[in-house]
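Asker: Keeping their order, the protein sequence lines are chains H and W.
Here this note's numbering is used: the first residue of the first sequence is 1, the next is one more, and so on.
Here this note's numbering is used: the first residue of the second sequence is 1, the next is one more, and so on.
Hint data in this document are derived by calculation from the structure and do not stem from the laboratory.
C-beta atoms are modelled at their ideal positions from N, C-alpha and C, and glycine is treated no differently.
The hints are all genuine.
If the Cβ cut is set under 8 Å, some of the chain W residues that face chain H in the computed set are:
1. 88
2. 107
3. 108
4. 111
5. 112
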Amino acid sequence: MNAIYFIKDIVLPPLLEGTWVTIKLLVFSIPLGLLLGILIAGGRVYGNKIISFLCASFTVFFRGTPLLVQLFIIYYGLPSIGIYFSPFAAAVVGFVLCSGAYHSEYIRGAIQSIKSGQMMAAQALGMSKFKAIIYIIFPQALRRALPGCSNEIVYLVKYSSLAFMVTCIELTGAGKIIATRYFRYTEVFLVIGTIYLTMVSLVSKFLAIMEKKLKIPGLG
Amino acid sequence: MQEDKAIVLRVEDIYKKYGNVEVLKGVSFEIKRGETKVIIGPSGSGKSTLLRCINQLTIPDKGRIWLENEEVTHTRKNINQFRQKIGMVFQDFNLFDHLNALRNVEIGLIKVKGMGKDNARQKAIEGLKQVGLEEQAYLYPAQLSGGQKQRVSIARTLAMDPSVILFDEPTSALDPELIGEVLEVIKKLALNGMTMTVVTHEMGFARSVANEVIFMENGKIIDQGSPHKLFTNPKHERTRKFLYKITELYGRSAEKK
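Chain W on its own, in the form it takes in the complex (with noise of 0.2 Å):
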């Protein structure tokens, strides 16, 4: 019990400027072993600049970042021993284009984790299974759709073992009859236990998944609580207003999933 309640991830006071916009404004929080946590909010809020300094991918100004009580900013230690730890998945999937399935899943593996080539072949091999893209393994990103494409992405990102996953987006590039197919595979996962935070723009995914949903605009974290809490009865107007113009735009959809 003590054990599913550590904190995975710490996120304290990131502030982060480009030229003169202040894009993160002392955003904190913290993710629990086997939490989901939703981040929603309009765009330009600093949702996906909040995901990429949690692993260094760019360097917040101010702030720090724990993972399992180590210190990844300011630390001597490599920055790439962190990285392996905290999965990402992306909007535009990002699989390598020289790679076919397989291999995207099992670079990772054997380039940066120094895992045999047999070993690591196996692992990819169960990995596609787990995405349900075990018969696409040997196509290459161009021959794949854009769900098959994500799901390899997360197929990629999970190989690693992740001690959490931070989804950027994961369905914002996708066309509204594949999204299913990818959201599927994230609800599997956080029902499966893994820790994750997920940046969307779907509000039937947080609804039925999320442990908490974080709702940002201009770089601040405005209002945070349980999904009913935020949807029902949030604390600022302006959670209100967003949601309610969201659920006009995916309406009956989201409602359904």
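Only chain H is shown next, with the shape it has when bound in the complex (with noise of 0.2 Å):
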């Protein structure tokens, strides 16, 4: 078989498919991972012991586990005690919930850079500390964290094909079916990776027009 023919015929199709689930995963799972992250780093820094508490575990589980092992767990552990996701849900919510963990780190980071001068000088102003939080500290602290946060995404971007291992058929997961039908790894792999590595650039890229917009003299 002509290698052209089977890239063009046999592969493309059913990678591509499989690229446009792994969109979809993206899609879901950088935001809400990023929400999640904020919500626990805000819970961390500004929360009562419990709540404190709470988030810090949160993070040195989700941090302190492998991805793959808390997959499982979602997809085929939770079952037992009744509660059921489809692969797609499942692998989203593994996503979220461990990107969050590591952008709480991040943001947590960078909340407890900003002096302590700004949370005064709001509150001072008759803000309340949940006013003074939204509109001067999480703006700045955001901007901070974004290069770590990135960073973040552009593993999500690629640790997305652990999906395939909760029978989410994305990208990879298309691709090892391919590959094993014809018992072709290379041609098939490559190609994977080449579309892997278009869609970090596209992230990476995108990312740094945000960072770039974002920027404020004096801040970061």
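Fit the two chains together into the complex; they arrive one by one in their own frames, and the hints show the way.
Answerer: What follows is the structure, encoded as structure tokens:
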């Protein structure tokens, strides 16, 4: 079989379908993960003892265990206590929890790097603590956390390939099926690698543009 | 006339302890409308803590604060209501680093007072004009000099229409050549009848603007009176020594101002 024909007509169609699934996974996981990270970081820094402890425990658990183990627990373990997820949903939940844990650490560090005078000045104006966090602290902290969070997002693009372990057939999964059927791993995985590289490049470019757009003199 | 003499702020027997260190040991004073009180004293004497107790950024252990006949301490009322009326200007400015000068001034109006965007903007521009910074409206804090930053922070405080402003060493973090422009703004406020308390080491300023000077040491008010009385004829040896030391240090330049 001619290599060009093989790649174009046999390999690419299922891979593009898989890519579409990967993109859908990311479209849900990236923003939700970031949001969870913000909440966990906020809870850790500003929550009372119990909330702070819960948020810290969350981070310890989800940073301290392999993502694959988390996915297995979510997809294969939780049904035993009556919680069922579709493969796609299980993957998204796993990605959100895991990336949320990492984001929260970047964001927590950024929050703690903001000088206490900012909060004091906001409160002196009559802002409640909550308003001060939303309008004064977070806009600064998130800008500072962005480079770290960008890194985590790039990781997420790649570790989305683990979705295939809970039978969510995304890019890597689709490739594995094709490669096994035709026993031609090199071509198939080279194409997959190229697709991931393209996605990572696009995401990185987008994040770099965001970073530049949000840049404020003297901050960051 | 009656209105002019109304007491704006009353501080009653304030105590504050940090661990075993007693920072404030029963401080009381009051400010009438339009008055400027200057608080002086060596560092560590509790001046800044006292100011922060007034707007409850630091909660005093004991004592009461009254703003225009409403109790600020031990109240069920929202402290944020009071803070809007008690302006505060900090030693290191504390401008919001992610907002330009204009937005620094208008954010309180929009997010705290709930003012519409257009009105807030107009008021913020007027405020910046008042401190001579309308040209710098779109610059970020990092692009401003220390003196400009402090003037923006004064505009930010003024925009809230406070009943009283607390200045916490407003010129101590500034390069010497920038102190004048900030003192000039504060002086203008005092002359226009703003009620305020200023913690400062600028004796020239104290002398020319204060209605009363309070000398604090070790968490207590040691001496207080008109600038003339305090500077020429202090009651306590300690006050005299402190003033002597300060004048030695800032001496001639303070005299000139």
